[in-house]
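Novice: Make the complex out of the two chains shown on their own, each in a separate frame, by following the hints.
Heads up: the protein sequence lines correspond to chains A and B, in order.
Numbers 1466 to 2141, taken from the numbering used here, label the letters of the first sequence in order.
Numbers 2 to 83, taken from the numbering used here, label the letters of the second sequence in order.
Just so you know, the hints here were simulated from the structure itself, not pulled from any lab data.
Heads up, some of the hints might be wrong.
List time: in silico BS3-like cross-link candidates among lysine-lysine, alpha-carbon distance up to 25 Å [as the list claims (entries may be wrong)]: (1) A:1685 / A:1633; (2) A:1909 / B:71; (3) B:25 / A:1909; (4) B:25 / B:71; (5) B:8 / B:71; (6) A:1518 / A:1539.
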Amino acid sequence: MSFTEATAAATSASKNDPEPPHNAPGAQRIALLGNPNTGKTTIFNRLSGLRHKTSNFPGTTQEARVGVVTLVDKTSIELFDLPGVYSLELDQIEAAICRAVLAGELAPRGESVEAPDAVCVVVDATNLSRGLMFVGEALRRRLPTIVAVNMIDVGRQRGLSIDVGALKESLGCDVVLCSGRTGEGIEELKRLLPAARIATSTPPGEDAGLSQWAEGIFSKAASVAPDAAEDADSFTDRLDRAFTHPVLGILLFAAIMTGLFWSIFSLATYPMEWIDGLFAGLGGLIERALPEGIVRDLLSEGVVAGIAGVLVFLPQICLLFFLISLLEDTGYLARAAFVMDRVLRPFGLPGHAFVPLLSSHACALPGIMATRAIPDRRERLTTILVAPFMTCSARLPVYVLMTSLLFPHSAMLAALAFVGAYALGIAAGVLSALLARRTILRGKSRPMALELPSYRAPNLFNALVMTWDRGWVFLRKAGTVILALSIVLWWLGAYPKVDAPAQAVELRERAAAVASMEPETSEELDAMADRLESSHASANSFMGRIGRTAEPIFSPLGYDWRLTIGVMASFAAREVFVSTMAVVLSGEEDGEDDGVLASMKGARRDDGSTLVFTAATSWSLLVFYVLAMQCLPTLAVTAKEAGGWRWAILQLVWMTAIAYGAAFIAYRVALAMGSS
Amino acid sequence: MSLSAMKLGQGGTILRTELPEDEKALLRAMGMRDNARVVLCRLGEPCIVRVMGGCGCSFRIGLARPLADKVMIGPLLPAAPR
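This is chain B alone, in the form it adopts within the complex (with noise of 0.2 Å):
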């Protein structure tokens, strides 16, 4: 499903964003790449959403409605074993 059809609160996993490449990379570049975990903060526009970055690091990055429409969101795998 895509990032904005998820619910308040609801974790996944991103599968892949079917965006323009250069759109792609900036997404990428700030942290929303493949296998990166996201809970979703705030339905709507802007869509919210907190990046997981490991040891209780995150981040939250704020998307325009036709960006979250292309970010495509599998089930919360758990993090990666330290």
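This is chain A alone, in the form it adopts within the complex (with noise of 0.2 Å):
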């Protein structure tokens, strides 16, 4: 059945008259339902630690957890944690999931599809009066049910008293006072989950009904304490007018992201080095072991080199995903995502797209994976799509190097034209968000109603879960696209193998000749040599066929067949382009020693007049690196995050096609000007 006619079916059962009671001799699967901002995420990292895998919901990208919980008996359970959503009859994707899933037509990918044994509703203590209702909902469902009532702590904290029996005889089934936070009730929950029962009444259907139902639930077994104090309220109230002011707000937001994206930078630079010492090292190690050939090349330059390029990308993943579920834990982000909604509404962009967008100026990995906070399909979609406009690290050798190049005599100049590379993109990323907003992507912007949370300190251990989460699955699905790709990026770089220039023999040939009388004249013969080998071995390799062949495509734009063949390698990964053309020009690797970027500044076209890098070339390529989708991985990650590879071929045809016409316009402006 596909998923259509799954929430066809689903939601046609809602409606429906109870269905006969399904009893199950002992619970095996559990069903985690909840209101966003229950805890329910919490509960779930109580119950199942790192015991989860997490995948998807078939024909959705909605995240599935799926965890195992340890019984007192040692036996153990399965917990599906189901999206959070305020009611079961919305007409959202995330309710129409949880219908789905209650019904028995849908189950996370990998399991079997039928209802769950049981389901566990978890209610906010501090909010159980609107809790009741979609546990009334839940109830309906005729599933074995038991109810978690979550931050008890809190509660009682604000003088709230709940009478456990008057609730357990209300509702006609279990209930458990817990605390995600502190582990208060989580084994008594673990203890009642498997003996879960089906509720002695059915609660009325209609939204009346049911709303009365709830009331009176909850003023038979609630109370406060009548000296309880509203201390906290006036503190929130404190902190929301100066988080969502229109001035003093945006100041705040930009300090906090500033601190974040400062901790990302300093910190995960650390291990960053790590991995490539520790990879450059184990390549090394094969290089020394193994003996010349395909096999060695294959190990060390392919698949060792290509494991680096996914594991590099971790730490600032892992970092990126724990401050900001730290942040998010606050309550903080709820009121940031307004903030910003004044600021992106206008191009169909939601508040919620800046932490994203703001990441993908590190880089747009972790800056789209970060989108799934975004409730709307479509905003979120605009978003990945927009996403790689938003310069990343990964450019700037290339601004550096086109801005030395601009300009070599004024910094001030080469900084204006940096911080315009900047602008540019983020300009072309907004007007083509509005674009799609107005063309495929069309349909109204929702404006924002966001329950905000209370304020209160972050959760640790939830917050390593959720990089744990997002780590490994970095790793599974984009890990494993990112290396086979750099594998055969490796080889069309690395064959044919060809025999070295004449010119190279004969330094050699010097150099051995005087290798005994003059050793340091020897050694850098022997250095120009291997720099006229590895100059020559690029040029023919597959890499540098495709150059030759292609250069018609880029001449336009000012390029000739060494630039594009820097160009094109970089469509794997833009950082390439500096050593990639360090080696075909000067046939070094170190792109930002100074002798190298001399030879470069210096290196001429076929013609033997013409500089490789005339003004209005390298205007042309700044322009182009700029708005070009140059990123393998950041493709693999796109397809992954919105549904398939229709989005990240669109992705990658638009912003070539922005590029490459940008590109022409700033080389012909550029020759026009004088800029030869």
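Specialist: Pasting the structure below:
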């Protein structure tokens, strides 16, 4: 059965009279349900810890977590974490998924499709009257149910008292008072989960009746101490006024985001360097241990370099999600979403898009993964499609090279060009978003209505679990694609093997002749021969031949075949442009070496007189690199997060077209202004 | 009057919501149903309201201005007797 048919069946089922009771001798599979902000994730993490896997619900990009809970008697039960929804009857994808799972029409990928044996409904003790409405909807499903009244510690602080016995009697099922944060009641919840039973009565079906039912139970079961303090509300009011202020709110947001990204940049650098160093060492070890040949080259330059190319993203991804999870847990991000909604809404983007777009200035890959926080599917897809327009760190070496070529004597002009590049990327991104929302992703932008959770100290365990989740999902899904593509690109750049050019052979003979008398001269001659051989090998590799063949495509932008090789190699990863050009033009890989930069600056085209990097060409390259999609890892993650390769292909085609057109215009304008 | 026309700190009772059914259903599910008691905590964009849930319980909802303009508020009625 397709997902559409399943949700239609579930929708129909929810409106009919209750079905005959579903009795299970002992619960094997339990669905965890609840409103957003009830601490359902904390309960899930408490119950299953790291023993869970993340997949998705078939036919959707909605994440599905399945955990394993070990009970006191050492048996296990499976726990399905369903999306948080305010009502099972809403016309939303998340509610449809919940209905379909409860009706036995849908299950997380890899799980058998059948109704859960029981349901655990998590409600917020400090919001019990609303929670009871949701419990009523769940009880109407006539599945064995247990209710977990979470955040009981916070409720007590506010003077709230809940009569568990009265609640049990009124609901007709087991109730546990618990706190996912402190662990109170969790063991009792584990004990009662396998013995969940169908409620002894069925709540009313229509909204007004259900509301009265919930109010009646609430008034019987809940009471508040007469001297209960209200300080929490005034504190929350003050913070809300600051965080959502039209000016102060933005300043605070900018400060918090600066701190967050500074932390990522500064802290992630260390593990990234360790990973680089570790795999460089491993590559060297393989080269020393294995005989020369294709196996050694494949392992050291293809597989090891490819794995390093995947793992090097992990520190940034893990840190980003760890810090975002902490921030979200404090309750701040909900307020920040409103602050940025004002800025982004005119472009068809929601306030939630700001963190992914800002993250993309470090790397689009984790930025795209962070779009999961955007509730609306069209807005989420739009954000995914435009995130790579934000200038990421991989573009910076190209910016540095181009601006130093364009303005070798003016740091101020070079800096302005740098800032202009950032601004161009942002402008292209938001305008592309506007276009997408008026065409392929047309739809009304919903005005924001968001529950603002209470401010609280973040939960470190939740943040660690989320970080583990995200890192593992990245490795499993995107990592495999990135590794495969890296190996293919290595092969294209390394083969076919060609004989050393005559000039290099002559240099080696001269080096050998003077080795004993003038060792330093001999070393220099050998180094020159190395550079010539590298440059010759690169030019004659499959990648080099592709570059020569594709030169007519890029010549309108001012690129010769050497620049074409660099641009085409960059479609795998932007950061290879500088090192590729260094190899092609000078035979050296270190693009930051001053001598190499000087030789790149002075390199001539085949006519012997025109510079490779003319001013017009440099402007064209700068604009091209600002706008082009040149990152296969990002494309792989786009395909995964957007739900299909068609979105990744659209992203590649659109960004390449924009980049080509803009670079063409930049080149022609620069030529017309005499910058040849 | 609409929610967006209330004064800061003013309380009221939701009379009705003049929104399309799907947006109305979402607000209702979030707790902003007819006869719910609310207090305005922040004016402008977003409009933040505290929805009183009884027994000292409450929760906050932030609403974009276009939504706040369509939530109609009447005088604050006393809480139902327990």
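Novice: For which of the previously enumerated hints does the structure constitute a violation, in increasing order of number?
Specialist: none
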